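Residue numbers (the working numbering), protein chains in the order written: chain C, 29 to 211; chain A, 1325 to 1479.
Check each hint, because a few of them may be wrong.
[To be verified] Using 30 Å as the maximum straight-line C-alpha spacing, the simulated DSS-like pairs for lysine-lysine come out as follows:
1) K1449/A to K1347/A
2) K33/C to K205/C
3) K33/C to K1423/A
4) K1347/A to K33/C
Everything labelled a hint here was simulated from the structure, so no lab data went into it. Keep in mind it's a predicted model, so treat the numbers as computed, not measured.
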Amino acid sequence: MARLKTPVGPDDHAQGPVDAPVTLVEYGDYECPHCGHAYPIVKALQQEFGNALRFVFRNFPLREMHPHAEAAAEAAEFAATHERFWEMHDAIFENQRRLSESTLVELGKRYGLDGNALRSALAGGAFAERVAHDFSGGVRSGVNGTPTFFLNGMRHDGDFEQETLAGAIRAAMHAEKSTRSGT
Amino acid sequence: MSHILAPGTPAPDFTLPVTPDQKLSLSELRGQPVVLAFYPADWSPVCGDQMALYNEIMPEFRRFNAEVLGISVDGVWCHAAFAHDRKLHFPLLADFEPKGAVARVYGAYREADGITERALFVIDKAGIIRWSYCSPVAVNPGADGILEALEQLPQ
Chain C
29 MARLKTPVGP
39 DDHAQGPVDA
49 PVTLVEYGDY
59 ECPHCGHAYP
69 IVKALQQEFG
79 NALRFVFRNF
89 PLREMHPHAE
99 AAAEAAEFAA
109 THERFWEMHD
119 AIFENQRRLS
129 ESTLVELGKR
139 YGLDGNALRS
149 ALAGGAFAER
159 VAHDFSGGVR
169 SGVNGTPTFF
179 LNGMRHDGDF
189 EQETLAGAIR
199 AAMHAEKSTR
209 SGT
Chain A
1325 MSHILAPGTP
1335 APDFTLPVTP
1345 DQKLSLSELR
1355 GQPVVLAFYP
1365 ADWSPVCGDQ
1375 MALYNEIMPE
1385 FRRFNAEVLG
1395 ISVDGVWCHA
1405 AFAHDRKLHF
1415 PLLADFEPKG
1425 AVARVYGAYR
1435 EADGITERAL
1445 FVIDKAGIIR
1455 WSYCSPVAVN
1465 PGADGILEAL
1475 EQLPQ
């Protein structure tokens, strides 16, 4: 079974406690409709599991297929350097059907990001390396499409409907509990 | 699941259509590593299916000077339309007539379903299989195993 090769660390974008029993990592593409489908599901899982769940998002833009995916990923990384990653991440998914550079700039402005600085970061590929780093780690971890989820480092091979993921999270939580209590 | 050819086996040569008017033989690629990826069918209804994924990571394969060949029992015109739609930058081979003949030789044919397994082979520049893997047909195997195998090939 495929395992996450790049452990979750301080450079990751994460929501939820560092010591949560379950960490859910998503490799996603902002222009992928399946990731768009998963977006509210992840939100619902975060609601359901609260502090028991940490969520990490990593970039896996399918550039050949989705012409705006790379720019969207870089725009979210730009936002991250201004402490606005999750706002931008959410806004991009919520506007997934009208992605373009001007949409990204418009969304950035909502969160006080400088439009010109964002445009020049995109034009100069200032965050391309960061995105490529995520992508390459994903490939080596067995990411096999978007979205690909990992639960406590193991690739989730089922579908990503809410009940399926919730069941997998509960199973991971149970396994983690046994490990932590040494039984 | 089928018993696919194991590492250490010389990769059986074959000649298959790669476009409506061109054929490709495995032996033409001697001298460079080859990734031979059997997959069940064109047009699986997901983003980032197996072939689309390989397409995205062509730069990683090129670092090893590796040639990637997709292979299924779909016909050349079907492959042509699929490759065009997904903008694939590597060849798809049509194991169409006699159906699945090459897949059978590699142990990668699903008799009951009439399609090939998701079976991967990394072949070295001398034409010897160095790594092979058969994934459950519903699970896209990704590319991590292929890249590890390419890394371990002697240069």
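Exercise. Taken at face value, is the distance from the CA of K205/C to the CA of K33/C at most 30 Å?
Worked result: holds, 23 Å
Exercise. Do the alpha carbons of K33/C and K1423/A lie within 30 Å of each other, as the hint requires?
Worked result: violated, 39 Å
For this session: Mind checking the alpha carbons of K1347/A and K33/C for me, to see if they're no more than 30 Å apart?
Result: The hint is violated at about 39 Å.
For this session: Verify the proposed pairing of K1449/A with K1347/A, using a straight-line Cα cut of 30 Å.
Result: Holds, at about 20 Å.
Hints 3, 4 from the list above are not met by this structure, while the remaining hints are.
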